[in-house]
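Undergrad: The chain contents come next:
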Amino acid sequence: MNNKEAYMELLIYMITSAAGLENEPHIYGPLRMIEASQRLCGLMQEEDPDNEDLKELIRIIENGKQKSTSDEEAFYQMLQDAAAKLVDLL
Amino acid sequence: MNVTEAIQSRRSIRKFQDKPVPTELLLKLADAGRSAPSASNLQAWKFIFVTLPELVSKVDLFSPGLSGKPPVILVICSDMDYALKHGSRNSEIYGCMMDASMAAENIMLAALEEGLGTCAVKSYNDAAVRKLLNLPDTYRIEMLMSIGWPDGEPRESRRKSLEDVLIFNRWEEKHE
Chain A
0 MNNKEAYMEL LIYMITSAAG LENEPHIYGP LRMIEASQRL CGLMQEEDPD NEDLKELIRI
60 IENGKQKSTS DEEAFYQMLQ DAAAKLVDLL
Chain B
0 MNVTEAIQSR RSIRKFQDKP VPTELLLKLA DAGRSAPSAS NLQAWKFIFV TLPELVSKVD
60 LFSPGLSGKP PVILVICSDM DYALKHGSRN SEIYGCMMDA SMAAENIMLA ALEEGLGTCA
120 VKSYNDAAVR KLLNLPDTYR IEMLMSIGWP DGEPRESRRK SLEDVLIFNR WEEKHE
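Going line by line, the protein sequences match chains A and B. Just so you know, numbering that gives the first Met the number 0 puts the end of the first sequence at 89, numbered straight through with nothing missing. Just so you know, numbering that gives the first Met the number 0 puts the end of the second sequence at 175, numbered straight through with nothing missing.
These aren't lab readings, by the way, just hints derived from the structure by calculation. Everything hinted at is true.
Quick list of the computed label-pair ranges, beta carbon to beta carbon:
hint, chain 1, residue 1, chain 2, residue 2, range
1, A, PRO24, B, GLU104, 19 to 25 angstroms
2, A, ALA82, B, ARG157, 23 to 29 angstroms
3, A, TYR75, B, GLU104, 26 to 32 angstroms
4, A, ALA82, B, PRO36, 43 to 49 angstroms
5, A, PRO24, B, GLU155, 17 to 23 angstroms
6, A, ASP80, B, PRO36, 42 to 48 angstroms
7, A, THR68, B, LYS130, 27 to 33 angstroms
8, A, MET7, B, ASN168, 53 to 59 angstroms
9, A, LEU39, B, ASP125, 24 to 30 angstroms
This one's a predicted model, so the numbers in the text were calculated from it and none came from an experiment. All C-beta atoms, glycine included, are put in the ideal place defined by N, C-alpha and C.
With the rest of the complex left out, here is chain A (with noise of 0.2 angstroms):
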């Protein structure tokens, strides 16, 4: 897939997820974000294949984002190391 399909996935994902949020559970909210964010993630994977503090944080995020139905918790916990991990990677 090229840069632009890409780009276009994560858009079209980022606005129907905008346009569905008004009538579903409060939690989608934070979990279409952190699902948008692994996204990007993977975007930004292609030009930097080796950073490991990126694939770290793509890992945390990919383990933790089903838990939102089953466990909230961890979720959110999941959502605090994720933004943790964010400080190795500037």
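The hints should help you fit chain B onto chain A, whose structure is shown.
TA: Just chain B now, kept in the frame of chain A:
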């Protein structure tokens, strides 16, 4: 696999193998769906299986709740023109949605028996999916369902305990 085993082992599958699902299996799933209970025996449901890879990808794109790149997306619709002519106002308010939900459970259990994984999804952009599938205005999309061969084991499902959800006879304050 008996019915109880199927009910107990079903999980929402969010990761699929890149492998097509034979049409005869999809016909079996549609048959399970149309065998579900239907309020007033209305059966206003329509089962639209999206199988063309390019179209599946597009519907997937406009459905933030879908995940795992399923090879098939089932769009369960109600023909509201038919429902309002042959049913009642209640068909529109809740009957058709209830019917679609019961059909969906039948389909999910029948899929499980075939080794297929499923996940019911309500997070999709109605206008976009409707446009992609060229649906008549009178069709109401009730839900989407991803269908495919599971990739890996699903997560354990968290369920409320029986005592949290069960009441015999009259409600009493101690239940709160």
